[in-house]
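Asker: If you want the building blocks of each chain, they are given just below.
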Amino acid sequence: MRKNILLAALLLPFGFLSCEKASFLDRKPYSTTSPENFYTRESQFKLALTGCYEVINTKKLDLSGNNYSYGTYSQGLQWIMGCPSDEIVTAKTGTVPYYMGQANFLESDAGLKQFWTAFYHGIYRCNELLDNIGRLETEEQKVQYAAEARFLRAFYYYHLAWVYGAVPVVDYPSLGKEPRMPLERVYACILDDLQYAYDNLSEKGVLTTSSANRYTAAAYIARICNYLAACKRNDVGRAFLGEQPLNDFSWVDADAMNRRALEACKDVIENSPYILIDNYSNLFRETTKADQYKECLFLSDIAINPGSGDWPASSRLAAPSGSSYTPEVYGGACMAVPKIFLMYDKEDPRRDHNFTSAMSVNSGKTMTYETIDGYDYPIPFYRSTSSAYKEWYNSDTQTYNPYYSGPCAGKYRLVKKGAMAHANSQHCISYPLMRLADVYLMAAEAEYFVSGDAAEARKYLRPVVLRAAQGDEDLCDRLMTTYGRTDFVEEILESRERELCFEMSRKYDLIRFGRIDDALLNLPLGTDILPGREFTANAKNGITAVRENWEPHKIWAPISAEQLGVNSNLTQNARW
Amino acid sequence: MDHPVNARLQVGAMAHYSRNVGDGAMTSTGGGSGFTTDGIVQLAYRERPIPRITEHDESFYTLGYTTLKEFITKETTRNTLAQRVTGNVYADWKIVPDLTFRAQASGTVSDANLKEFFTSKSRWGFQKQGVLNLRYQNTASYVATATLRYKHSWNHRHNFEALAGAELSDYIFDAVKMSAYNFDDESSGFYNIAKGGVQKAPEQNYYTYSKMSAFGRVNYNYRSRYYLTLNCRADASSRFSEGSRTGWFPSLSVGWKPSKEPFLKRQKWLGNLMLRGSVGASGNDRITMYSNLAQMDVNYYSQGGQEILGVSSVSSGNPHLKWETTWQYDLGLDFEAWKGRVSLTADVYYKDTRNMLYQSTLSSQSGFARMWDNIGRVENKGIEISLSTKNIVHGDFVWATDITFDLNRNKVRDIGENLPFREVGIAGRMTDNITRLIVGEPIGVMYGYVADGVYQFDDFVIMKGDREVTDYGEITSLNYNDYSYTLKDDVVHIANVTTKPGDRKYKDLDGDNSVTSEDRTVIGRPYPLFSAGLANSFSFKGFELYVFLQGSFGNDIFNEFRAITEPGANLGVYRTNVTRESFYGAWSPENQSNSFARLVNPTNGWFSSYYVEDAGYLRLKTLALSWVVPASLCSKAHLGGLKLTATVDNLYTFTRYSGVDPAVTSDRALFPSWDRMTYPRARTVTLGFTANF
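Heads up: the sequence lines are chains A and B, in that order. Going by our numbering, 1554 is the number at position 373 of the first sequence; the sequence numbering is gapless. Going by our numbering, 1105 is the number at position 688 of the second sequence; the sequence numbering is gapless.
Any given hint might turn out to be false.
Capping the alpha-carbon separation at 20 Å, the derived lysine to aspartate or glutamate pairs in DMTMM-like fashion look like this [as the list claims (entries may be wrong)]:
1. A:K1413 <-> A:D1434
2. B:K756 <-> B:E678
3. A:K1358 <-> B:D790
4. B:K685 <-> B:E753
5. B:K491 <-> B:E603
6. A:K1202 <-> B:D702
7. B:K628 <-> A:E1201
8. A:K1385 <-> B:E724
9. B:K617 <-> A:D1491
10. B:K807 <-> B:D819
11. A:K1241 <-> B:E620
12. A:K1597 <-> B:D601
13. A:K1209 <-> B:D714
14. A:K1227 <-> A:E1384
15. A:K1202 <-> B:E659
16. A:K1209 <-> B:D591
17. A:K1202 <-> B:D587
18. B:K881 <-> A:E1729
19. A:K1209 <-> B:D587
20. A:K1385 <-> A:E1320
21. B:K905 <-> A:E1729
22. B:K768 <-> B:E796
23. A:K1721 <-> B:D899
24. B:K538 <-> B:E487
25. B:K677 <-> B:E753
26. B:K628 <-> B:D591
27. B:K807 <-> B:D751
28. B:K532 <-> B:D602
29. B:K628 <-> A:D1207
30. B:K828 <-> B:D747
31. A:K1227 <-> B:E724
32. B:K768 <-> B:E858
33. B:K807 <-> B:E961
34. A:K1241 <-> B:D714
Everything labelled a hint here was simulated from the structure, so no lab data went into it.
Make the full structure from the sequences, and use the hints.
Answerer: Shown next as structure tokens:
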């Protein structure tokens, strides 16, 4: 008997093991939320949709705390989308994102890896919201949220497709084993999502100013359609189809694409509330967000004072370079290829905005400021009317003063140091991703390919030049004449470059028109355009690097070895 | 405090309080960011040695921060406070003479606070015009155990003991982190966060963790000759989801002491001989909290210049997670003879870890970068021997030796889904992930390129304009860039990289004449073939000399120190130093080295066998001399006794490893042999005396 009691006592604790269900072991997170308990009210859908936007320029994605800023518009995607091109180079080596700037990227490139992961994560966020859309109350809400999430999904996919070509497409919770889909499938999904957004979004999105709306969707339809039409017409990537047949554009009906682009552009131009703002320069400043919203259909939006404390680094911007020691601005990784400087008529005010001299500590100059909306902005030396400019370049003798380092990319402008909450090395410029000016330029391109009528197409170019001429009709006419080309494709590409330089449009313009090899392999080294005069060492090194490193197959970025390793169904792009 | 209440009941309690305050300069990185190469020790190596390269060179000062010396002494301050209260209470109740019930509870409450300030002139603060970080963190935990023990011996022959128990434990973590930047007035240091012009949104983290366990044990031995122990334990952890919380961990061990057998009992020389054998399982649930659950967290986007709050999924959660189980098989021998002149312990073991908990890298379409998962199987097998001998005991002279020998082989046996390998997301500086879990290889192998010297002039077709250059003598460091270099077709190319003479070259392993990521292979293994220790002590009269040698042989280290200080990747830019050998030894047209590559070249920083070094070492770890002063001398000084000691730790290390310490530690369990400029090991000299009055 005693032994039985003992045995029972010894076994009793194991009765404890009904504890599998014990509430003592049910530990739920306190500081985070579970998706099952979320998506119950419309306000939560708004939070989730904000999260879908956040990937555009996020630094962090997940609980790991890993930095993804080189893969988003925080500070790296500008380089992936914009470089290499014949308008911007860098002399910096050895770190992301500068590999892109020197055409020296490999499958191990951290920026590319972060981009792939971050944008697929963005797609996941959209898919998760769409999965839960049925939990919204009204039909109207369901359509509104679905349309905005689908717009963003298309936005993320089109970036991946431009960089990598064929990519896996998922619109459901995925285990990650999908192979890459041919471009035809990828773009069918993208255009489907954009069309849904275009058909269903109203003029204001859920997040009002920073939301996509129906005109944003229209503009992106135009961008995708013009891209596809040009790629088809110019046999983009055909040489590599033998090695990677997925990146094939032969299915594209180029005329239909241009027609669709033109219609979309016309809707935006004729019906949308967007305007070309008077002051071109205010599109690229830290504190002129109200002006930006008037012209930009979509931005990588950054708060002036984000509580996360996460501002992007200004050194990644095409901003006037200077140093943190001087009371001006900090920057300096980007260098303009001086060739573009010479594409502008000297009367074109955009030249003075887009190109500056470096704000060098050795210059010994006292900085002057212009006040815009109550904030002081340093005026870089390099204005053609300024005496500093004349010191730099003597147009009579065509000689340079080596004291100055040559034209810098100066498109993005930072407020005087210390006036903003962020650090000297950071900025809060909302990056324009789609501007009405681009819509005009896309309309011109589409019109030309639809009707073949250059004169008709030029009607869409004129408003952009007129705004550049600050409303001066005479100047506008002179510029239109100067910039006119018999080959209208040439004219449209140059017009885009003048208006959109350093806004990540040039690289893909060169690719889709099949001109990138020629442009990069023969990137001018100074002496080519200004006899007897070489560019500064930095510009020369950057240009030399691009010339040496560019290879035609680099129009498609390599998928990382890590992703090929975890998904054996993925295949690499040609020659990587 | 122990208190017998009555003959059958005893209760007791214990409490302990500690307080640790840390102040002053820091050796590690600021911001609590952990393991990086920007700590003060690393900066001391990496700092460019002269602020001005030429008389007018301002490039260092334009960075806006001070030199390293001022940085350490003036521009960074940190204060840490750690307080801890632990306590436990117990009650023992003798129900009947052989049956005891014990209830026990122990608890810990702790605080850990951090305050740090980096001025606007410091390297960690200049970009943000001063940085202040505050972290307040407290934890509370308890463990409550109840056990019932039965112990009985029949005629001193059958000795039996049985124990059953249950245990509950709970842990609460609560932390708040705050930061501010932009200090116009830095005079308050880390004592006034309100002076920061920019206040970062506070971060809060609260989590709890609980465990329920039940266990039982039966011990039996017959006349202390034959031993048997049966153990079983079941643990349920809140880190796993319902249905897979519980892990069962049984074990069995048997022992035989021949020395107690009648036929050996008369062998007086034999002190102890025991043969042991065991098999048993143990568990591991150490994963990131709530990894079983999908979670959403806050983030921010912007609208009209104002920040707006968002909420998004940050973790997919794996509801199928369960305990990792290690089965261990062990055979052992304990031997002692000649009154302790020789004693030996030897063990042979085999460990089989199944359902290994591992944070696997995911395919991005799944939406996430990583996820905890139970995958695969890892084995460890090895031998452990320790032998102590007293070689000479002759009058006042004693020479004793202790030898230890460890040998372990670690191997990944299976990685799940029939995969040959899995990626481990540890990226190199310029190349893809530097380690993998590979079936058939140990954990933490170094996976990279095989270095193959340096490209030389001969490997290229060299042109100057339209003229082919065959006499390389005309090429100098100054005109090097005026020539164009095209690799000859039969020379191995590095895919997608434009190489020039002097660039580091790698082996093409798959024979396509092009080095791609496919040409990476295992270039180093982190675990030693064996490690051993040898301690000798010699004592004569009052003197004793103790010499302890310790070593580890046959393992490799990835020496990231060299990967940072040799290539000169940022040469000319502010902070990178270059070692003297690599600066003067670097390839140049005048010095066509085949080991050091050209400074600042595109391939030199890649993760390759060039930076993997043999880490074998033998260290004179301790040398100690002591003297017990004879009583006759002591009494003259009115002392009861006096002992003088002199000890040197870490006196000398014999090694070919070029880094500061071949015994590296890495914070990455899956990449243990990684030298990221560790803090050097100190050589310590201790002089001491012990006196009795």
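Asker: Hint by hint, say whether it matches the structure.
Answerer: Verification of the hints:
Distance check on the hinted pair: K1413 of chain A and D1434 of chain A sit about 8 Å apart at the alpha-carbon level, within 20 Å; holds. As the CA atoms of K756 of chain B and E678 of chain B are separated by approximately 18 Å, the hinted pair is consistent with the 20 Å bound. Only pairs whose Cα atoms come within 20 Å are accepted, and K1358 of chain A paired with D790 of chain B is accepted, the gap being roughly 17 Å. A threshold of 20 Å between alpha carbons decides the hint, and for K685 of chain B with E753 of chain B the separation of about 11 Å falls inside it, so the pair holds.
Of the supplied pair hints, the one linking K491 of chain B and E603 of chain B holds, its CA atoms being roughly 12 Å apart against a limit of 20 Å. Taking the CA atoms of K1202 of chain A and D702 of chain B, the gap is near 18 Å; set against the 20 Å cutoff, the hint holds. Our distance criterion of 20 Å between C-alpha atoms is met by K628 of chain B and E1201 of chain A, whose separation comes to about 11 Å. Using a Cα cut-off of 20 Å, the hinted pair K1385 of chain A and E724 of chain B holds, with the two alpha carbons roughly 18 Å apart.
Between K617 of chain B and D1491 of chain A the alpha-carbon distance is near 9 Å, which keeps this suggested pair within the 20 Å criterion. For the proposed pair K807 of chain B and D819 of chain B, the alpha carbon gap of about 9 Å is at most 20 Å, so the pair holds. Pair hint K1241 of chain A plus E620 of chain B holds up; C-alpha atoms about 14 Å apart against a cutoff of 20 Å. Simply put, K1597 of chain A and D601 of chain B have alpha-carbon atoms about 16 Å apart, close enough for the 20 Å limit, and the pair holds.
Between the alpha carbons of K1209 of chain A and D714 of chain B the distance comes to roughly 14 Å, so the proposed pair stays at or under 20 Å and holds. With a C-alpha separation of about 17 Å, the suggested pairing of K1227 of chain A with E1384 of chain A holds against the 20 Å cut-off. Of the supplied pair hints, the one linking K1202 of chain A and E659 of chain B holds, its CA atoms being roughly 6 Å apart against a limit of 20 Å. At roughly 14 Å between alpha-carbon atoms, K1209 of chain A and D591 of chain B fall within 20 Å of each other, so this suggested pair holds.
Restraint check: the Cα-Cα separation between K1202 of chain A and D587 of chain B comes to about 16 Å, which is no more than 20 Å; the hinted pair holds. A hinted pair counts as satisfied when its Cα atoms are at most 20 Å apart, and K881 of chain B with E1729 of chain A qualifies at roughly 15 Å. Pair hint K1209 of chain A plus D587 of chain B holds up; C-alpha atoms about 14 Å apart against a cutoff of 20 Å. Between K1385 of chain A and E1320 of chain A the alpha-carbon distance is near 17 Å, which keeps this suggested pair within the 20 Å criterion.
Proximity of K905 of chain B to E1729 of chain A is assessed by CA-CA distance (about 16 Å); at most 20 Å being required, the pair is judged to hold. At most 20 Å may separate the alpha-carbon atoms for a hinted pair to count; K768 of chain B and E796 of chain B meet this at roughly 5 Å. Distance check on the hinted pair: K1721 of chain A and D899 of chain B sit about 12 Å apart at the alpha-carbon level, within 20 Å; holds. With a C-alpha separation of about 9 Å, the suggested pair K538 of chain B and E487 of chain B falls inside the 20 Å cut-off, and the hint holds.
The straight-line distance between the Cα atoms of K677 of chain B and E753 of chain B is roughly 13 Å, inside the 20 Å bound, and the hint therefore holds. About 18 Å separates the Cα atoms of K628 of chain B and D591 of chain B, which keeps this hinted pair within 20 Å; it holds. Proximity of K807 of chain B to D751 of chain B is assessed by CA-CA distance (about 17 Å); at most 20 Å being required, the pair is judged to hold. Proximity of K532 of chain B to D602 of chain B is assessed by CA-CA distance (about 17 Å); at most 20 Å being required, the pair is judged to hold.
This hinted pair checks out: K628 of chain B and D1207 of chain A have alpha carbons roughly 10 Å apart, not beyond 20 Å. For the suggested pair K828 of chain B and D747 of chain B, the alpha carbons sit about 18 Å apart, so the restraint of at most 20 Å is met. The straight-line distance between the Cα atoms of K1227 of chain A and E724 of chain B is roughly 14 Å, inside the 20 Å bound, and the hint therefore holds. The suggested pairing of K768 of chain B with E858 of chain B holds, with an alpha-carbon distance near 16 Å, which does not exceed 20 Å.
Distance hint between K807 of chain B and E961 of chain B is fulfilled; the C-alpha atoms sit about 14 Å from each other, no more than 20 Å. At roughly 11 Å between alpha-carbon atoms, K1241 of chain A and D714 of chain B fall within 20 Å of each other, so this suggested pair holds.
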